[in-house]
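Q: We have chain H; now place chain X onto it with these hints.
These protein sequences, in sequence, are chains H and X. So for the first sequence, the working numbering puts the first residue at 72; every next one is plus one. So for the second sequence, the working numbering puts the first residue at 72; every next one is plus one.
Some clues are possibly wrong.
[Claimed, not checked] In the EDC-like style, the derived pairs of lysine to aspartate or glutamate whose C-alpha atoms are separated by at most 20 Å in a straight line are:
no., chain 1, residue 1, chain 2, residue 2
1, H, K228, H, E178
2, X, K228, X, E102
3, X, K131, H, D215
4, X, K228, X, D262
5, X, K131, H, E169
6, X, K131, X, D154
7, H, K131, X, E169
8, X, K228, X, E104
9, H, K228, H, D154
10, X, K131, X, D215
11, H, K228, H, E102
12, H, K131, H, E219
13, H, K131, X, D215
14, X, K259, X, E186
15, H, K259, H, E102
16, X, K131, H, E219
17, H, K131, X, E219
If you are wondering where the hints come from, they were derived from the structure by calculation, not from laboratory data.
These are the residues of each chain, in order.
Protein chains: 2
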Amino acid sequence: MTDSMTARIPPQHGRGFMLRRGQILRVIDPEGEQVADLFAFAAGDPGWLSSGRSIDYAGKIFLTIGDVLYSDDSRPMFTIVADTAGRHDFLLTPCSQEMFEILYRHEGHHPSCWENLQLAFEPFGIDGRRIGTTFNIFMNVAVDPAGEVIVGVPSSKAGDHIDLVAEMDMVVALTACSAENSNNGSFKPIDYLVLDG
Amino acid sequence: MTDSMTARIPPQHGRGFMLRRGQILRVIDPEGEQVADLFAFAAGDPGWLSSGRSIDYAGKIFLTIGDVLYSDDSRPMFTIVADTAGRHDFLLTPCSQEMFEILYRHEGHHPSCWENLQLAFEPFGIDGRRIGTTFNIFMNVAVDPAGEVIVGVPSSKAGDHIDLVAEMDMVVALTACSAENSNNGSFKPIDYLVLDG
Numbered sequence: 072m073t074d075s076m077t078a079r080i081p082p083q084h085g086r087g088f089m090l091r092r093g094q095i096l097r098v099i100d101p102e103g104e105q106v107a108d109l110f111a112f113a114a115g116d117p118g119w120l121s122s123g124r125s126i127d128y129a130g131k132i133f134l135t136i137g138d139v140l141y142s143d144d145s146r147p148m149f150t151i152v153a154d155t156a157g158r159h160d161f162l163l164t165p166c167s168q169e170m171f172e173i174l175y176r177h178e179g180h181h182p183s184c185w186e187n188l189q190l191a192f193e194p195f196g197i198d199g200r201r202i203g204t205t206f207n208i209f210m211n212v213a214v215d216p217a218g219e220v221i222v223g224v225p226s227s228k229a230g231d232h233i234d235l236v237a238e239m240d241m242v243v244a245l246t247a248c249s250a251e252n253s254n255n256g257s258f259k260p261i262d263y264l265v266l267d268g
Numbered sequence: 072m073t074d075s076m077t078a079r080i081p082p083q084h085g086r087g088f089m090l091r092r093g094q095i096l097r098v099i100d101p102e103g104e105q106v107a108d109l110f111a112f113a114a115g116d117p118g119w120l121s122s123g124r125s126i127d128y129a130g131k132i133f134l135t136i137g138d139v140l141y142s143d144d145s146r147p148m149f150t151i152v153a154d155t156a157g158r159h160d161f162l163l164t165p166c167s168q169e170m171f172e173i174l175y176r177h178e179g180h181h182p183s184c185w186e187n188l189q190l191a192f193e194p195f196g197i198d199g200r201r202i203g204t205t206f207n208i209f210m211n212v213a214v215d216p217a218g219e220v221i222v223g224v225p226s227s228k229a230g231d232h233i234d235l236v237a238e239m240d241m242v243v244a245l246t247a248c249s250a251e252n253s254n255n256g257s258f259k260p261i262d263y264l265v266l267d268g
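Isolated chain H, as found in the complex (with noise of 0.2 Å):
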C-alpha cells in the first residue's frame, strides 16, 4: 500500500463509507493518543453493530486480535485481524453535545463524534438516532473491581493501527473523536484505508 491509498478524518471530524464483504478496514493512529469512534449498519437489512452481542460473545470487554465484532442479530460483521494499539473500548457511547454539557458543563457547540456519525450516515440514507455503542479504537477505558470506569490516556504511539475484516456488506462511519478527556487533552486526524481482502 502507498500513502496515496489512505484517507485522512480531520481532527474532530468523521466520514461514512461503504465496506465490502472481504474487504480489510485499517485505522491508523498517525500522531499517537487519538480514538477514533466507529459505527456500521449492515447494507439492506437492519442489522446494527452491537456491543453487548460482542462482549458476550468474547466473553470479555477488551476485543483484539482474533476477536469478532458481531451484530444485534448475532451475525460477525468484523473480524479484528491486526492490532499494534491493543487496547479499544466498547462500553461507552459516542461523545455528543449533551454529554459536554452534563458532564463539562460545556457552553456553546462543541463538535461531537455522536453528530459526526450522524451526518457520516444521512447520505447512505441511514437514522442516526439508530447509532448505538460505538467500537472506540484506541481508546483506554478501564473496569476496576468496583465496577469504576477510568478513562485513561490512548495507549495508542503514532502509526499504531487496527485491521478489521468486514464480513458482511456494510455502511461504516468513523471518526477522529472530538472529546478532550478521551484524547489527552489534544484533537488530532485520523487516517483509514481500505484494502480488498
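A: Frame of chain H; chain X shown alone:
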C-alpha cells in the same frame, strides 16, 4: 400496596406496558436468583434506553440507588430509588435464539428475552430490532481486571426488589429471563408493580 396490584410474568415470558412520568416501576424477584431484562423507549419520540450513555454518566458499570438510566440523547429515563438486591448488569444484550445456538450449541427453538421483548413491544408499534443492550435486573456479571466477563449466580433472594422512577413517559418491556446460565439453572417468574408517585 397489596398483592392484588402485582402482575406476574411467567417463567421465560415477557410483558410490555406504558409508564407515565412520575410513576414507580417495582420489579420483584419472588423466588430468588431470577433475572429480568428491561428495555424502554420514549413515548412519541425516537429516544431509547442507552447502556453506553448511562455508564458514561454514572462513571461505573454497576448502577444502584441514586443512579440514573439515560436515553441515547442524554435524557434521564429512570432513577433507581430502592434496590434490595444491589447487583444488576448493563453490559450484555438479551439472550436470543442465536445466542443459545452460538454459546451453548442448542438445537431447536429456545425461549429468549430478545424474542419476548420484541413480542412485548409489537402491540405498541415499536420495531423490536431497535432493542439495544438491556438493563438486566438481578443479573450478576463481573468484569475482572483483565476485562474477562464472568456471569455468576444472581445475588437476589426471594422478595428482593428494585424501584425505578420514570423520568418521562415511556413504553417499557420486561422479561423473566430464559437463559439457564444467568438464573442458576432454573426458570422462575418475575413480579412487577406500577405505583403512582
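Q: Take the hints in turn and mark each one as holding or not.
A: Now for the hints, and whether the structure bears them out:
1. A C-alpha spacing of about 32 Å is found between H:K228 and H:E178, which places the hinted pair above 20 Å, so the restraint is violated.
2. Only pairs whose Cα atoms come within 20 Å are accepted, and X:K228 paired with X:E102 is accepted, the gap being roughly 7 Å.
3. A distance of roughly 9 Å separates the Cα atoms of X:K131 and H:D215; the hinted pair therefore holds under the 20 Å criterion.
4. Distance check on the hinted pair: X:K228 and X:D262 sit about 13 Å apart at the alpha-carbon level, within 20 Å; holds.
5. Proximity of X:K131 to H:E169 is assessed by CA-CA distance (about 19 Å); at most 20 Å being required, the pair is judged to hold.
6. Using a Cα cut-off of 20 Å, the hinted pair X:K131 and X:D154 holds, with the two alpha carbons roughly 17 Å apart.
7. Only pairs whose Cα atoms come within 20 Å are accepted, and H:K131 paired with X:E169 is accepted, the gap being roughly 19 Å.
8. Distance restraint check for X:K228 and X:E104: the Cα-Cα separation of roughly 6 Å lies within the 20 Å cut-off, and the hinted pair is therefore satisfied.
9. For the suggested pair H:K228 and H:D154, the alpha carbons sit about 12 Å apart, so the restraint of at most 20 Å is met.
10. Of the supplied pair hints, the one linking X:K131 and X:D215 holds, its CA atoms being roughly 14 Å apart against a limit of 20 Å.
11. Straight-line distance between C-alpha atoms of H:K228 and H:E102 comes to about 7 Å, which keeps the hinted pair within the 20 Å bound.
12. Between H:K131 and H:E219 the alpha-carbon distance is near 16 Å, which keeps this suggested pair within the 20 Å criterion.
13. A threshold of 20 Å between alpha carbons decides the hint, and for H:K131 with X:D215 the separation of about 9 Å falls inside it, so the pair holds.
14. For the given pair, X:K259 sits about 17 Å from X:E186 by alpha-carbon distance, which is consistent with the 20 Å threshold.
15. Between H:K259 and H:E102 the alpha-carbon distance is near 7 Å, which keeps this suggested pair within the 20 Å criterion.
16. Of the pairs offered as hints, the one joining X:K131 and H:E219 holds, with about 4 Å between alpha carbons and a cut-off of 20 Å not exceeded.
17. With a C-alpha separation of about 4 Å, the suggested pair H:K131 and X:E219 falls inside the 20 Å cut-off, and the hint holds.
Checked against the numbered hints given earlier, this structure breaks only hint 1.
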